[in-house]
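Engineer: Chain by chain, the residues:
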Amino acid sequence: MLLDPRGPRFAAALTTVVLAVALLTGSGLLLLAQAVVFALTAAHPRLGPYGLLFRAVVAPRLDPPVELEPVAPVRFAQLVGLAFTAVGAVAWFTGLSVLGLVATAGALAAAFLNAAFGLCLGCEAYLALRRLTGRPLTARLPVPPR
Amino acid sequence: MSLGRLPWQPGPVQSPNLTGLAVLVAVLAAATALGWWRRGRDGRLRAVRDRRPAAGTDGSVAAGDVRHAATLAALGVRPGAVTVVQFSAPVCAPCRATRRILDDVTGGLDGVTLLEVGVDEHLDAARALDVWRTPTLLLVDAGGRIVRRVTGVPDRDELLAALIPLAAGARR
Numbered sequence: 001m002l003l004d005p006r007g008p009r010f011a012a013a014l015t016t017v018v019l020a021v022a023l024l025t026g027s028g029l030l031l032l033a034q035a036v037v038f039a040l041t042a043a044h045p046r047l048g049p050y051g052l053l054f055r056a057v058v059a060p061r062l063d064p065p066v067e068l069e070p071v072a073p074v075r076f077a078q079l080v081g082l083a084f085t086a087v088g089a090v091a092w093f094t095g096l097s098v099l100g101l102v103a104t105a106g107a108l109a110a111a112f113l114n115a116a117f118g119l120c121l122g123c124e125a126y127l128a129l130r131r132l133t134g135r136p137l138t139a140r141l142p143v144p145p146r
Numbered sequence: 001m002s003l004g005r006l007p008w009q010p011g012p013v014q015s016p017n018l019t020g021l022a023v024l025v026a027v028l029a030a031a032t033a034l035g036w037w038r039r040g041r042d043g044r045l046r047a048v049r050d051r052r053p054a055a056g057t058d059g060s061v062a063a064g065d066v067r068h069a070a071t072l073a074a075l076g077v078r079p080g081a082v083t084v085v086q087f088s089a090p091v092c093a094p095c096r097a098t099r100r101i102l103d104d105v106t107g108g109l110d111g112v113t114l115l116e117v118g119v120d121e122h123l124d125a126a127r128a129l130d131v132w133r134t135p136t137l138l139l140v141d142a143g144g145r146i147v148r149r150v151t152g153v154p155d156r157d158e159l160l161a162a163l164i165p166l167a168a169g170a171r172r
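Going line by line, the protein sequences match chains A and B.
Each residue of the first sequence is one higher than the last, beginning at 1 in UniProt numbering.
Each residue of the second sequence is one higher than the last, beginning at 1 in UniProt numbering.
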């Protein structure tokens, strides 16, 4: 499955705005709503709410994309965003306001860097995460056929 | 499990808005600085410092790192050939753009081999070669030394300018 790369970029810009408003209003509900958007988009990258808005409203006004990008990087970024906003929302509702702020700030930084600079979270974080947490996949390769 | 009133919050804790505003401004400022800094470095070739110079090098491509010969050999780097090693990940969109540039640049150069390595399959090599993000490129000279390193989508002209003398040196 391939995506117009401008769709995720547009979604990141909307996410930036939503998270900024969540910080300004201190709204845990808004944070929760953004977490749900991340979850939906991770499950179906083409059917995420912001992606649908992009295709319905923005894409018809743009030239056709000159290149497409694979869906895996987008899905990875959504999962990272989901982790941050979910932690942020839970922390907010349980009164851990500092953790809520830190998690929201992290999600905001990633969304803003993606929207403004085209930062690719999968490029920045995936290998670092694998290096720090994962064991080499070679240890799980199936036994070659005899 | 409330932390109660925080020291930097003015007045009653009812309004987190000022704190939120401060966090918002700080995050946007820091992220903008980081973005500009990264934009200036991304895709630029960096010379790899000479840690253990090989004896009797002729001086043309003397600088480089010879510690990783075994790791590179295990990845499939052949001695005697100039090799561009690209570390890629499935979740990395710019890796595709990088591969296109490399195919284009190395296709027109005699004696330069392109080797794309998946970090999932070669996590140990990524560790050994100190690769932290994708795409990362290593330019390996004919003597098996890593002489240049790039993170991000490489600058095509810089890449070509670095590879031409390496390839010429390998043919000599």
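Treat the hints as calculated values from the structure; they're not laboratory data.
All values derive from a computational prediction rather than experimental measurement.
One or more hints might be untrue.
Distance ranges between label pairs, derived from CB positions [unchecked claim]:
| no. | chain 1 | residue 1 | chain 2 | residue 2 | range |
| --- | --- | --- | --- | --- | --- |
| 1 | A | 133 | B | 34 | 21 to 29 Å |
| 2 | B | 165 | A | 21 | 34 to 42 Å |
| 3 | B | 17 | A | 129 | 29 to 37 Å |
| 4 | B | 41 | A | 68 | 37 to 45 Å |
| 5 | A | 132 | B | 34 | 18 to 26 Å |
| 6 | B | 38 | A | 29 | 19 to 27 Å |
| 7 | A | 63 | B | 33 | 49 to 57 Å |
Chain A is nowhere near these chain B residues, computed Cβ spacing over 10 Å in every case [as the list claims (entries may be wrong)]:
| no. | residue |
| --- | --- |
| 8 | 96 |
| 9 | 103 |
| 10 | 115 |
| 11 | 134 |
Quick reminder that beta carbons are idealized off the backbone N, C-alpha and C, glycines included.
Engineer: Could you run down the list of hints and mark each one as holding or not?
Structural biologist: Each hint, compared with the structure:
no.: 1; hint: 133(A) with 34(B): 21 to 29 Å; verdict: 23 Å, holds
no.: 2; hint: 165(B) with 21(A): 34 to 42 Å; verdict: 54 Å, violated
no.: 3; hint: 17(B) with 129(A): 29 to 37 Å; verdict: 34 Å, holds
no.: 4; hint: 41(B) with 68(A): 37 to 45 Å; verdict: 27 Å, violated
no.: 5; hint: 132(A) with 34(B): 18 to 26 Å; verdict: 20 Å, holds
no.: 6; hint: 38(B) with 29(A): 19 to 27 Å; verdict: 33 Å, violated
no.: 7; hint: 63(A) with 33(B): 49 to 57 Å; verdict: 32 Å, violated
no.: 8; hint: 96; verdict: 7 Å, violated
no.: 9; hint: 103; verdict: 15 Å, holds
no.: 10; hint: 115; verdict: 17 Å, holds
no.: 11; hint: 134; verdict: 5 Å, violated
Violation of the numbered hints given earlier is confined to hints 2, 4, 6, 7, 8, 11; the remaining hints are satisfied by the structure.
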